[in-house]
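Q: Sequences listed follow chains A and B, in order.
Each step along the first sequence adds one to the number in this note's numbering, with nothing skipped, and position 137 is 137.
Each step along the second sequence adds one to the number in this note's numbering, with nothing skipped, and position 203 is 203.
Calculated directly from the structure, the hints in this document are not laboratory data.
Treat the hints with caution; some may be incorrect.
As the list claims (entries may be wrong) - DSBU-like, lysine-lysine: derived pairs with alpha carbons at most 30 Å apart:
#1 A:K32 <-> A:K19
#2 A:K35 <-> A:K19
#3 A:K32 <-> B:K2
#4 A:K57 <-> A:K35
#5 B:K2 <-> A:K19
#6 A:K57 <-> A:K32
Said to hold, decoys possible - Per label pair, the in silico range of CB-to-CB distance:
#7 B:A20 <-> A:E142: 32 to 38 Å
#8 A:D166 <-> B:L5: 25 to 31 Å
#9 B:P73 <-> A:G193: 36 to 42 Å
#10 B:A71 <-> A:D138: 43 to 49 Å
#11 A:D138 <-> B:D6: 18 to 24 Å
#12 A:E192 <-> B:R28: 19 to 25 Å
#13 A:P141 <-> B:A51: 18 to 24 Å
As the list claims (entries may be wrong) - Far from chain B by the CB rule (all over 10 Å, computed), these chain A residues:
#14 Y40
#15 Y76
#16 I78
#17 S89
#18 R90
#19 R92
#20 T146
#21 C167
In this text the structure is predicted, and so the values were computed from the model without any measurement.
Backbone N, C-alpha and C define an ideal beta-carbon position, used for all residues, glycine too.
One letter stands for each residue in the lines below.
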Amino acid sequence: MSADASDLSLVRRVQRGDKGAFDALVLKYQHKLVKLVMRYVRNPAEAEDIAQEAFIKAYRALPQFRGDSAFYTWLYRIAINTAKNAVVSRDRSPIDYDLDRNSSDESYDMQGRMKDSETPEGLVLTDEIRSTVNAAIDALPEDLRTAIVLRELEGLSYEEIAAAMDCPVGTVRSRIFRAREAIDRRLREVFEGGLGRAEELG
Amino acid sequence: MKEELDSQLSAMFDDELPSAECELLARRLARDEQLKARWGRYAVMGAVIRAERGVRLNAPLAGRVSAVLLAEPALVSRSSAPLRVAGMRWWQPLAATGLAASVAAVSVLWLRSQSPLAGSAPLSSQLASAPRALPVAAVVPAAINSGGGSSLNYVLSRGGSTAPLMVPSTELANYVVAHSTFSSPVARRNLLSAFMTSEGGTLGAEEAPQDAQSSAK
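Here chain B stands alone, though its shape is the one from the complex:
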């Protein structure tokens, strides 16, 4: 058994051992100090046969290298981490773009379905008949100003009357849908922000008067 192992070591030293056996023996060689010492002596024999003059055959070089490497981190973390990071990076922009496009498309389609041009009932009547959570920015100013006479002016001053607000929003939605394939995510996001802001203004305009009226009562 020992002789077979040493025979394998000799063949491995000459690169004449099958790969599968090399894998197994390499594992043992890395741990077995006696085997490693024998391996080192095989190298010394070769150096003598090749008459490598000027080379110290008892050189402590291997020990020095080993001592320096003791302070080095193992390679496993350094080699695998960058590969994982690199592997993650390539699809992240694609995923972000896809997600942004999906959100944009869904938002626009939903908003179009809610618009007066697309549905049976006007948006104002739908909102009035279906109580729901409203954007804070749209409601709070109206509530704060509900006791004063200038509450409507405060809300409506951002966009004017209700009718003019709906038309640009629809146009904007159509524009976004038409150009969603070609526009960049950032541009789409900016347009949608503008779109949602104007819609928020509209909602405030639709809701605020009723709140103001009820609180006035």
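So that you can see chain A by itself, here it is in the shape it has in the complex:
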């Protein structure tokens, strides 16, 4: 098994014209990309716009991607360049955020989007997701919790986790899967209760 094999298999599908495979890549990396972009811009809505632009640039550039580097490394580079360009462009043409209602429609739209991203509803939904996941993790048996945290927080491979937990790699794979299943049971309820945008994707 090779590192980045799953990304590459999705990338190859996109390169053969399967747009659905690109959805999976966006779903996998959207949060990481927004977090990365937020090093350059503080506003979450602006970060999402830049991340969106980076994804679209990546899609258009995918025919040139040969897999010499990991897909996420390549994607991150595009996102960083997009963010830097956005910052430079914004600095060249500063927008008056304290605008009044008589300003141009474009500026007013931006203000509207900024407000929308910071609505209490949006924050509550994110907090609800966060608290649901955290509660589900707390309720996990110790071996499952350790396995999923080592994987997601420390970024260890299954082999490294197996060495750390002194168990076979197959057991690690099973533990991580069962941990995700347990969290997903609770998380699905939250998403299906009004946040099911991922379900609507495509």
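Using the hints provided, position chain B relative to the given structure of chain A.
A: Using the frame of chain A, we list chain B on its own:
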């Protein structure tokens, strides 16, 4: 079965699934919306565990990107076409050069075999004994002018008499053969054009008098 599939999805999300299984699962993932939603929730779990603050976990980003890409053309045509074109381009100049050189060589060898210096019978007698299609430019002026007395002058004025025409053509043929390896296709083509033109003039000079004579009779 379903559990095995979900287990594979979890391993694939972590880049821990063998490549062959990844290929198969990627195909299904691209089409199965439920599987894709589960995949998206795996990403949300990771974001929470890593405490990615400031990131909206219910962000409609994926949906927005998907909506924009709906208007985009599929990548398959854009990625394969340039490769095919690029693959064709590299050999085209070589093929053209080779073809031009081959045509030049065959033409020159044929013409040399027909020349008085190379064969037993003179070209004029061979042409006279073997009726064949002639170049239009060589025949038509002679036919048009066959009734007048100046027909021979019209044809021969391009090259003079028959004897002087044969010698430069042979020399030219020898020159082309000797330099075909080093000369460019364009230069060879120009030389051959000049060569063929002078030969055409010769043929006209050989044929026209007989036609003129027969029509005069």
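Q: Of the hints stated earlier, which fail here?
A: Nothing - there is no hint that the structure violates, so all of them hold.
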